[in-house]
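**Q** Here the protein sequences come in this chain order: A and B. In case it helps, the UniProt record's numbering puts the first sequence at residues 1 to 450. In case it helps, the UniProt record's numbering puts the second sequence at residues 1 to 450.
The reader is advised that the hints may include incorrect statements.
Treat identical chains as interchangeable: a pair holds within one or across any two.
[Unchecked claim] In silico SDA-like cross-links for lysine to any residue, where the CA-CA straight-line distance does not exceed 25 angstroms: (1) K186 <-> A213; (2) K126 <-> L98; (3) K186 <-> S219; (4) K310 <-> I323; (5) K210 <-> D34; (6) K291 <-> R259; (7) K186 <-> L223; (8) K186 <-> I237; (9) K80 <-> D390; (10) K186 <-> R236; (11) K186 <-> G209; (12) K325 <-> I357; (13) K412 <-> A213; (14) K330 <-> P75; (15) K186 <-> I233; (16) K307 <-> V113; (17) K193 <-> S219.
I should point out that these hints are in silico values taken from the structure, not numbers from a laboratory.
Number of protein chains: 2
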Amino acid sequence: MSDEASLGVAPTAAAEGAATPGQQQALLAEMVEDAAVWCAVNGLVVGDRANQRSGTVPGVGLVHAPFSLLPARFPASFWKQACELAPIFNELVDRVSLDGEFLQAALSRTKQVDEFTARLLEIHEKMMTINKKEDIRLGLHRSDYMLDSETNSLLQIELNTISSSFPGLGSLVSELHRTLLNQYGKVLGLDPKRIPQNWAATQFAEALGKAWAEYNNDSAVVLMVVQPEERNIDGRIVAVVYFRAGYAPTDYPSEAEWRARFLMEQSSAVKCPSISYHLVGTKKIQQELAKPNVLERFLDNKEDIAKLRKSFAGLWSLDNEEIVKSAIEKPDLFVLKPQREGGGNNIYGHDLRDTLIKLQKEQGESLAAYILMQRIFPKASLTALVRDGDWFEDLTISELGIYGAYLRNKDKVILNNQSGYLMRTKVSSSNEGGVAAGFAVLDSMLLTDE
Amino acid sequence: MSDEASLGVAPTAAAEGAATPGQQQALLAEMVEDAAVWCAVNGLVVGDRANQRSGTVPGVGLVHAPFSLLPARFPASFWKQACELAPIFNELVDRVSLDGEFLQAALSRTKQVDEFTARLLEIHEKMMTINKKEDIRLGLHRSDYMLDSETNSLLQIELNTISSSFPGLGSLVSELHRTLLNQYGKVLGLDPKRIPQNWAATQFAEALGKAWAEYNNDSAVVLMVVQPEERNIDGRIVAVVYFRAGYAPTDYPSEAEWRARFLMEQSSAVKCPSISYHLVGTKKIQQELAKPNVLERFLDNKEDIAKLRKSFAGLWSLDNEEIVKSAIEKPDLFVLKPQREGGGNNIYGHDLRDTLIKLQKEQGESLAAYILMQRIFPKASLTALVRDGDWFEDLTISELGIYGAYLRNKDKVILNNQSGYLMRTKVSSSNEGGVAAGFAVLDSMLLTDE
Numbered sequence: 001m002s003d004e005a006s007l008g009v010a011p012t013a014a015a016e017g018a019a020t021p022g023q024q025q026a027l028l029a030e031m032v033e034d035a036a037v038w039c040a041v042n043g044l045v046v047g048d049r050a051n052q053r054s055g056t057v058p059g060v061g062l063v064h065a066p067f068s069l070l071p072a073r074f075p076a077s078f079w080k081q082a083c084e085l086a087p088i089f090n091e092l093v094d095r096v097s098l099d100g101e102f103l104q105a106a107l108s109r110t111k112q113v114d115e116f117t118a119r120l121l122e123i124h125e126k127m128m129t130i131n132k133k134e135d136i137r138l139g140l141h142r143s144d145y146m147l148d149s150e151t152n153s154l155l156q157i158e159l160n161t162i163s164s165s166f167p168g169l170g171s172l173v174s175e176l177h178r179t180l181l182n183q184y185g186k187v188l189g190l191d192p193k194r195i196p197q198n199w200a201a202t203q204f205a206e207a208l209g210k211a212w213a214e215y216n217n218d219s220a221v222v223l224m225v226v227q228p229e230e231r232n233i234d235g236r237i238v239a240v241v242y243f244r245a246g247y248a249p250t251d252y253p254s255e256a257e258w259r260a261r262f263l264m265e266q267s268s269a270v271k272c273p274s275i276s277y278h279l280v281g282t283k284k285i286q287q288e289l290a291k292p293n294v295l296e297r298f299l300d301n302k303e304d305i306a307k308l309r310k311s312f313a314g315l316w317s318l319d320n321e322e323i324v325k326s327a328i329e330k331p332d333l334f335v336l337k338p339q340r341e342g343g344g345n346n347i348y349g350h351d352l353r354d355t356l357i358k359l360q361k362e363q364g365e366s367l368a369a370y371i372l373m374q375r376i377f378p379k380a381s382l383t384a385l386v387r388d389g390d391w392f393e394d395l396t397i398s399e400l401g402i403y404g405a406y407l408r409n410k411d412k413v414i415l416n417n418q419s420g421y422l423m424r425t426k427v428s429s430s431n432e433g434g435v436a437a438g439f440a441v442l443d444s445m446l447l448t449d450e
Numbered sequence: 001m002s003d004e005a006s007l008g009v010a011p012t013a014a015a016e017g018a019a020t021p022g023q024q025q026a027l028l029a030e031m032v033e034d035a036a037v038w039c040a041v042n043g044l045v046v047g048d049r050a051n052q053r054s055g056t057v058p059g060v061g062l063v064h065a066p067f068s069l070l071p072a073r074f075p076a077s078f079w080k081q082a083c084e085l086a087p088i089f090n091e092l093v094d095r096v097s098l099d100g101e102f103l104q105a106a107l108s109r110t111k112q113v114d115e116f117t118a119r120l121l122e123i124h125e126k127m128m129t130i131n132k133k134e135d136i137r138l139g140l141h142r143s144d145y146m147l148d149s150e151t152n153s154l155l156q157i158e159l160n161t162i163s164s165s166f167p168g169l170g171s172l173v174s175e176l177h178r179t180l181l182n183q184y185g186k187v188l189g190l191d192p193k194r195i196p197q198n199w200a201a202t203q204f205a206e207a208l209g210k211a212w213a214e215y216n217n218d219s220a221v222v223l224m225v226v227q228p229e230e231r232n233i234d235g236r237i238v239a240v241v242y243f244r245a246g247y248a249p250t251d252y253p254s255e256a257e258w259r260a261r262f263l264m265e266q267s268s269a270v271k272c273p274s275i276s277y278h279l280v281g282t283k284k285i286q287q288e289l290a291k292p293n294v295l296e297r298f299l300d301n302k303e304d305i306a307k308l309r310k311s312f313a314g315l316w317s318l319d320n321e322e323i324v325k326s327a328i329e330k331p332d333l334f335v336l337k338p339q340r341e342g343g344g345n346n347i348y349g350h351d352l353r354d355t356l357i358k359l360q361k362e363q364g365e366s367l368a369a370y371i372l373m374q375r376i377f378p379k380a381s382l383t384a385l386v387r388d389g390d391w392f393e394d395l396t397i398s399e400l401g402i403y404g405a406y407l408r409n410k411d412k413v414i415l416n417n418q419s420g421y422l423m424r425t426k427v428s429s430s431n432e433g434g435v436a437a438g439f440a441v442l443d444s445m446l447l448t449d450e
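Turn these sequences into a full structure, and let the hints guide you.
**A** Structural data, given as structure tokens:
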């Protein structure tokens with residue numbers, strides 16, 4: 001992120017001596033209108049929560065997705081670094097997934113305090129018992145990063161291995177920003193060519209198609225799971241199961257959903273993800289992998305290992321008394337993360353201190369339900385955010401997600417790529433990510449030379 | 001339109017012995033869901049009237065446009081006939097537009113009863129006085145037809161020469177139907193290749209681009225008029241004025257709008273349409289052109305004239321006492337059309353009889369405010385209509401609009417093409433067209449051999 005005014009309007013326009021503040025506002029308002037129309041005609045839309053039928057009836061109650069008016073500035077060097085990490089993380093996930101003993105051991109304590117992880121591990125254990133092998137393995141991941149201004153480094157927030165979201169809308173925002181800069185880039189002094197191409201949706205779809213082809217049965221179908229359920233699919237053979245749900249406890253309201261998940265795992269279909277890939281994406285495994293000498297168990301290439309390690313923020317279990325002590329003393333330097341997925345649950349500041357003190361007193365297994373992470377301090381910059389047709393400027397921070405696609409059939413690696421990106425930008429006073437969760441918007445990026 | 005069940009589902013599925021009524025309904029419901037999702041991600045959306053902000057704030061309160069689930073069946077022979085008419089009508093409009101005396105004379109009585117037409121004629125007269133010539137002339141027309149089952153012929157309803165609507169959404173519906181038939185065509189027994197390609201939006205945009213190029217000034221802009229107004233365009237030169245408004249009295253709430261229209265007409269910009277082109281599209285001129293020996297004044301090619309005449313429905317002024325008498329006796333064979341544009345004003349049946357009797361008694365100039373037209377009886381067919389995410393089946397009739405683009409620079413005809421189509425389908429019990437006006441939906445067509 002840059003120290004310059006992130007809108008890029010003021011300096012350029014001022015340099016040209018052309019724009020008064022009033023003219024700037026008029027220009028931004030015109031851009032907002034153009035952008036909102038573009039969203040409507042190009043499918044950059046979401047369900048409007050104010051409309052009761054949206055979310056249940058397709059095609060009704062639509063509103064443009066919240067977006068930033070202009071792409072977030074992002075140094076090209078960090079972009080390159082993040083892209084290079086994608087295939088290495090893809091490979092790491094695959095290697096770790098093959099080590100069932102490691103997964104079971106690493107998550108053994110988590111299992112005792114987190115019922116959800118326990119159920120996943122139970123399925124995983126049954127697959128180990130029957131010695132289930134996945135010859136064709138498909139991963140559609142998203143690795144999320146922030147730029148830490150304290151260390152001037154790109155640090156990983158988390159790695160998503162199931163239901164990685166927003167490849168579709170994310171690609172569209174890049175296209176929206178490119179369209180806006182083709183029109184307004186000159187007056188703003190912003191070059192549309194500095195927005196990286198983003199084919200996330202297409203690349204994920206191609207990866208699914210290739211997995212289907214590897215399954216090698218022309219009459220077999222791809223099943224998208226939006227709710228794990230035992231469903232009559234009319235005797236059709238399933239080549240690929242793509243999970244767009246199943247990552248949160250609320251996706252399993254009854255035993256029926258768990259039976260469905262188990263059934264799918266037992267099948268010969270390519271699972272995206274398999275239960276092993278799913279478990280590799282837990283925060284506990286992220287923290288285990290950050291321990292000394294653990295990456296070396298899974299990867300051979302020293303350079304790759306160094307690249308991964310460079311992107312790891314400090315990650316600790318609450319067994320580490322020294323770190324817990326530091327966190328209680330300086331809670332603002334840490335984030336307390338529960339195992340649960342979906343965002344909105346991280347603990348900061350006073351709450352972090354109080355929770356740690358409480359957990360220490362209890363001294364029970366509940367310590368295992370959390371991990372501690374080094375807090376990252378991204379630079380804030382002024383951004384115009386558009387929501388519900390209205391816009392406002394605020395200080396924001398951004399999080400970069402890099403999509404990765406991995407497909408392997410036994411010894412043959414068919415795909416191992418960086419596959420587009422997602423930028424999410426949120427008002428910096430809020431502490432949680434997730435566009436759905438608060439004042440956060442979809443974004444893209446403008447590469448800078450710094 | 002065909003006698004067969006228009007959904008095309010029952011016969012095929014029954015032939016295969018595969019589908020029960022329940023399965024058919026389930027299939028249609030699945031298609032509706034797929035179609036609504038397609039609409040949302042491909043921009044086949046409109047403002048939801050239930051949402052107060054839609055229509056004023058772009059990008060909010062969106063809902064899929066109302067559409068028919070499957071394309072309307074349409075005989076290939078009539079489709080060919082309609083396509084062939086497009087360049088001839090394009091040329092006719094151009095020729096008639098050059099004959100200012102004819103326009104003034106033909107509309108002289110209309111002027112006395114229709115204030116709106118009078119204002120247009122006033123501008124037109126001023127242009128004649130200053131001998132204003134339009135070297136570059138751009139027409140983006142839509143000629144609307146219905147199939148008359150009484151005469152088994154394709155008959156013109158009207159010719160739009162200003163603000164021809166729905167090229168964008170119309171093209172998308174063709175694409176939606178092609179997508180659905182690619183997925184479901186096999187089970188329905190419908191071939192997606194029988195849906196004609198429809199590039200209306202692209203072709204209109206290209207025509208605007210070519211008009212801009214003919215103007216030959218790289219720094220000049222294209223101005224889209226959504227409200228005639230005197231607007232500061234920062235001293236920019238306007239190459240093309242495209243009217244997306246200005247065809248209805250409500251578009252001119254004050255004298256300021258009329259001054260703006262006059263100003264634009266005086267300018268050297270290419271007008272789409274010019275005041276002359278606009279006047280050629282009035283119903284009175286349509287009726288005048290249908291009189292014997294009038295087409296011959298404007299066109300030389302006898303074959304072209306015969307083709308046009310074949311597409312003319314009976315059209316009469318209310319001066320024709322014999323026809324007025326017939327219409328009072330058999331009102332169901334006629335439609336009474338006021339000069340006013342925009343649909344929703346046509347008079348049928350009892351109302352037609354009462355109005356004619358009243359007008360006869362008055363014996364004043366008010367007769368000139370209307371024309372009588374032969375009523376067309378299209379065949380009704382059963383269609384699944386989708387609106388607001390819900391669907392229902394009903395008997396419908398369809399109206400085919402053929403877009404035409406014409407561009408000329410002095411003696412050089414640069415474009416004279418059929419440029420896509422629009423099918424509109426409405427519940428047959430309603431008497432008025434216009435998707436916005438009632439139970440009418442956007443549609444495309446499936447060509448049949450009959």
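**Q** Hint by hint, say whether it matches the structure.
**A** Hint check:
no.	hint	in the structure
1	K186 <-> A213	between (45 angstroms within a copy, 22 angstroms between copies)
2	K126 <-> L98	within (15 angstroms within a copy, 84 angstroms between copies)
3	K186 <-> S219	between (52 angstroms within a copy, 15 angstroms between copies)
4	K310 <-> I323	within (20 angstroms within a copy, 90 angstroms between copies)
5	K210 <-> D34	between (37 angstroms within a copy, 23 angstroms between copies)
6	K291 <-> R259	neither (35 angstroms within a copy, 77 angstroms between copies)
7	K186 <-> L223	between (46 angstroms within a copy, 20 angstroms between copies)
8	K186 <-> I237	between (54 angstroms within a copy, 19 angstroms between copies)
9	K80 <-> D390	neither (34 angstroms within a copy, 48 angstroms between copies)
10	K186 <-> R236	between (54 angstroms within a copy, 17 angstroms between copies)
11	K186 <-> G209	between (40 angstroms within a copy, 22 angstroms between copies)
12	K325 <-> I357	within (9 angstroms within a copy, 97 angstroms between copies)
13	K412 <-> A213	within (14 angstroms within a copy, 54 angstroms between copies)
14	K330 <-> P75	neither (30 angstroms within a copy, 78 angstroms between copies)
15	K186 <-> I233	between (54 angstroms within a copy, 18 angstroms between copies)
16	K307 <-> V113	neither (33 angstroms within a copy, 82 angstroms between copies)
17	K193 <-> S219	between (43 angstroms within a copy, 23 angstroms between copies)
Hints 6, 9, 14, 16 from the list above are not met by this structure, while the remaining hints are.
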